[in-house]
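Enquirer: Take a look at the letters that make up each chain.
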Amino acid sequence: MGIPLTNGVDYHWLTWQYNVPSVTRYVGFGYGSALANAASKYYISSTWSTLSSTPLAFILYDGAVAKIDTTPGAGTAHYVGRSGTQFEVGNLFRPTSDFSLTKIAIESGAATYGTQPMDGFDVQIRTGTTIGGGTLLGTGRVDVLSASTTHEILFLTTYTQECRGRSQVSNAWAGESSGRSAVLNSHAQEARGLSRVGYSSYSATARGRHALLNSFSVTARGLSRVGYESFAQECRGAHVIYNPFDATARGIAAIQNAHTSEARGLSSVLNSHTTEARGLSRYGEWIEYTQSITEHFRIADDSLARYELYEGVDVNPDFTGSAIATSQTLPFSSTITPGVTDETHKYTVLERNEYNIASLNQSSTDFVLDSSGDVVLSVPSSPVSVSLIDGINGTVVINASYYYTDDGTSKADEWLIYLRSNGTDPVPGVDTPLTQDIRTSNGFSYLNYGISGVSGGSDARLILRVNRESDSVTDGNTTVYQLTTAATPSTPTGTAFGGRTYEAR
Amino acid sequence: MADEKTGPDAIRSYLTGAASDGAAQTDPDASLGKFRSASLADFIGVSAASLQTGIAVDFVSGNCETGSASIIATDTTSLAFTAPGGSQGPAVTIANGETKILLDGTTSSKFVRVTRSTADNLTGTATLTLTDVLNNVIGFDNVDSTEAAAGDTEYRCISVKNENAVDAIDLKFFLGTLGTQRTTDTAQLAASGADTIETSGSFADWPDQGFARVVQSGGTLREIVYYASRTDTMLTVPAAGRGLLGTSAGAGASDDTVDAISALRLAVEKVIRDPFLTTGTGLDDITTGGRLTDATATAAYQVKITTAAATDQFQWSDDGGSTFNGSDIDITGSAQTLQTGITVTFAATTGHTADDVWSFKAGFEATDKTSSGEGSEPGASGGADGAAFVWGSGIASTDSLFDALLANGYQVYLWLRREIPAGAINAPSVLQLIEMNFDA
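Here the protein sequences come in this chain order: A and B.
Here the first sequence stands for residues 519 to 1023, where the numbers follow my numbering.
Here the second sequence stands for residues 9 to 448, where the numbers follow my numbering.
There may be inaccurate statements among the hints.
So these bits of chain B aren't anywhere near chain A, every CB distance computed over 12 Å [claimed, not checked]: (1) G30; (2) T34; (3) S58; (4) T135; (5) N150; (6) D160; (7) G201; (8) T228; (9) T241; (10) K278; (11) G288; (12) A307; (13) Q347.
Taking CB as the label site, the calculated pair distances span [to be verified]: (14) D213(B) - I805(A): 24 to 32 Å; (15) D955(A) - N143(B): 44 to 52 Å; (16) A46(B) - I907(A): 55 to 63 Å; (17) G30(B) - N871(A): 33 to 41 Å; (18) S208(B) - D860(A): 31 to 39 Å; (19) I805(A) - G417(B): 17 to 25 Å.
Calculated from the model, a selection of chain B residues having no Cβ within reach of chain A, i.e. all distances over 12 Å [said to hold, decoys possible]: (20) S69; (21) S153; (22) A202; (23) A257; (24) T265; (25) A271; (26) L285.
Since the hints were made in silico from the structure, they are not lab data.
Glycine included, each C-beta is placed from N, C-alpha and C at the ideal position.
Construct the complete structure from the given sequences, taking the supplied hints into account.
Expert: And the structure:
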């Protein structure tokens, strides 16, 4: 028999000590007040000694209760419980054999468990082992995978009772699993709480949060992750399904492949599905789009509304530069600075409105100024596109154009028409020309003038000039345009008298 | 993805001001609430050269920058789009009579919507010239000299509708920025009055005049100002340009950041508005929800506490309080349906005050300002139109006043409030930029 220990007095740091039993049958070790949970059940047989690196074995016989609160140190120490023994483990345990009817209780709140040096240890729970359910047990968790990089808690065969808390089960179990669980193989009954059911199918209800790496065939409720394989029945709650399922999915679900039946609740379906999706759902690949909405307006500034005078000297005005003069009204004046030699000064006035939009006119009015600032007038340019046409009833028609803006201040202001119909060329300076005012519009003047009284069959000849009246300077054009009129003058035709056509008499 | 009303084309913006949902109303200046118009709010202008007869460009997304884009016939039945500065997107097969969207190859938010109305084989390449739009609904009208001298505040309303067959999520609205964010590390604004903001960075890519959003280092909005001119390193802010867009003048700090923004604030009007306590001062814990199932059910609702007890009771009205449903309803603490999908939820089942009344409006008709004019503030006084609007000027998606799912077929109304301070000068034009994010 062992020696009864006083709770909170005799067991400080006992996990760093050990008892080497010779014929000892009961070994207990613990830490402080934790033994209050079962003070009357803890025994020790003889002298405590300091733990060494020597591999140890703590053997608990029938009815023994062992509580391990801290890490027992590195090495290969074994904690072995035989039939009827119980381990209550605050940090880690490592049962290795003969666990028939052994109960393993894991204290709730053993959150530091994962930081303990579990590498190199496996926990094996063999056939018939009962997890949880005892009065000392509660709802702790086995959470080895989160701490161990290479090892697992292995449930080597199925077990038939409840498993609560956070668990990972590598093989199937046949009974209820509550709390957070991961099942690496199928289970046949309900799994509650947060569970991970993986690698193989299970055939019964999975409740709570689940991850199912393979298909399951019955209802999965709560937050579940069902992956890699299809499942054939209802999946409720939040789900992640990596493969198609063909039954109802309710609640919050993410489905990465197609499913063929109803999906309800919050769902994310990464591929198409063929049936109804209700609630908050995502279909296919969700892409974030951005729409930029841009438009403009203007703010009026009355000071911008004005006429602007732009100047170019021997070049066209630069409208990207500054105006040399501005005015709110027309007309307005500006002083011109002459150059040392004759220069062509080109001027354009733009109108700008309160929204800073300027008129589009680009043409300039040109002045040739000498060094004194006097305007130097040049010979006007000649008319272009001159034609002489045989008209009706002995009329010849003269058409011509004159681009007066090209001449700037030297522009002409009247047409001089020299016409003979006797077969000889007109002689400017000898003949008296017919004159017509040059009418200006849009930068050029167009002449359309008919001269009557030309006999049929006449040889009509024309010289057309333009003249600046102020100084009687003409363009000096000498080009003769010739026309032989028809022997029988054409007669007018047309519609008159209510639209009827009558022959001319 | 290539089908119209999917992907980036899922959410469309319309003018408002129509007499009924989807009715004709083409004047952007009359887009002042009431019902959604059939006219889309054009985001960007487009002219096309060499576009094959029978191919029409219906819409160009606002994300496309101005410049030259192209549509190429990749084969006799397919088209592909390249946005300005982008790359050729995936070819889309389009049959005669179909409307499809063509995505840019670099940015899927950049797209054009085209309609084919010819049986001829598709061929050739068309060049699209994309330009900013002047005086559309987002740009408002011009500010004349009288308005500029006195200051001018105007409003517009657009309907943002999910035209997709499925829901769109995470819909958000916020202001875009018009230049690179800078730190006011060289000089900051004084507590009030005309002053300058200076940076060791550069304002070179900022508008010549405009609005600057000054934010404290911790992210709190400090002030929005109007600057009348700038250099590459300095913004000149007149006295009238201080404390704008719902902010107050305040001294700046050297670690403030500053962004160029539009002269805009935004507000969102949902189909089912938020309730507000119109009578009483008791426990105010009601929220509205649900989805309106009847588009014709626009009405002014009231919810009235009729019994204050261990379990409070209420009645509701859909005619602005003229008549109520007639029987007391126990408050459950959960969503309780009134009618046509409209729910109210009290956070507490007891503790309310008898005869306290909440009001809210629900329906596909936005606040109607079509008669009162562009300068009339919607939501200013609560009342029958609903709770006072919350106007925001955030520049990040996290600042959005609306961040929610928009069910297919549903719409929200985005109100725009343009505020021009007295004496503001902007020439030649002022850019307005709103960003809209969503997942589809």
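Enquirer: All the hints need checking, so say for each whether the structure fits it.
Expert: Results of checking the hints against the structure:
No beta-carbon of chain A comes within 12 Å of the beta-carbon of G30(B); the shortest separation is about 21 Å. For T34(B), the non-interface assignment is confirmed: its Cβ lies about 16 Å from the closest Cβ of chain A, beyond the 12 Å cut-off. Separation of S58(B) from chain A is adequate, the least Cβ-Cβ distance of about 26 Å exceeding the 12 Å criterion. Here T135(B) stays apart from chain A, with its beta-carbon at least about 21 Å from theirs, past the 12 Å limit.
Here N150(B) does not stay apart from chain A, with its beta-carbon only about 5 Å from theirs, under the 12 Å limit. Residue-level check failed: D160(B) sits 9 Å from the nearest beta carbon of chain A, not beyond 12 Å. For G201(B), the condition that its CB be more than 12 Å from all CB atoms of chain A holds, with the nearest at approximately 22 Å. Every Cβ of chain A is farther than 12 Å from the Cβ of T228(B); the closest lies at roughly 25 Å, confirming the non-interface assignment.
Distance check on T241(B): its Cβ is at least 25 Å (rounded) from any Cβ of chain A, clearing the 12 Å threshold; non-interface status holds. No beta-carbon of chain A comes within 12 Å of the beta-carbon of K278(B); the shortest separation is about 17 Å. A cut-off of 12 Å between C-beta atoms confirms that G288(B) is not in contact with chain A; the least separation is 35 Å. A307(B), annotated as away from the interface, keeps every beta carbon of chain A farther than 12 Å; the closest lies near 26 Å.
Once the 12 Å rule is applied to beta carbons, Q347(B) is consistent with being away from chain A; the minimum gap is 21 Å. Here the CB-CB span from D213(B) to I805(A) is close to 29 Å, well matched to the stated 24 to 32 Å. In this structure the hint that D955(A) and N143(B) lie 44 to 52 Å apart at CB holds, the actual value being about 45 Å. For the pair A46(B) and I907(A), the beta carbons lie near 57 Å from each other, so the given range of 55 to 63 Å is met.
Checked against the hint of 33 to 41 Å, the pair G30(B) and N871(A) passes, with Cβ atoms roughly 38 Å apart. Hint check: S208(B) to D860(A), Cβ distance near 54 Å, so the stated range 31 to 39 Å is violated. For I805(A) paired with G417(B), a C-beta distance near 20 Å keeps the hint of 17 to 25 Å intact. Residue placement check: S69(B) does not keep its beta carbon more than 12 Å from all beta carbons of chain A (closest about 6 Å).
Some Cβ of chain A comes within 12 Å of the Cβ of S153(B); the nearest lies about 4 Å off, and the non-interface call is violated. Residue-level check passed: A202(B) sits 19 Å from the nearest beta carbon of chain A, beyond 12 Å. Separation of A257(B) from chain A is adequate, the least Cβ-Cβ distance of about 22 Å exceeding the 12 Å criterion. Interface exclusion of T265(B) from chain A stands, the closest Cβ pair being 21 Å apart, more than 12 Å.
The beta carbon of A271(B) sits about 9 Å from the closest Cβ of chain A, which is not more than 12 Å, so the claim that it is off the interface is violated. The beta carbon of L285(B) is kept farther than 12 Å from every beta carbon of chain A, the shortest such distance being approximately 30 Å.
In summary, the numbered hints that this structure violates are 5, 6, 18, 20, 21, 25.
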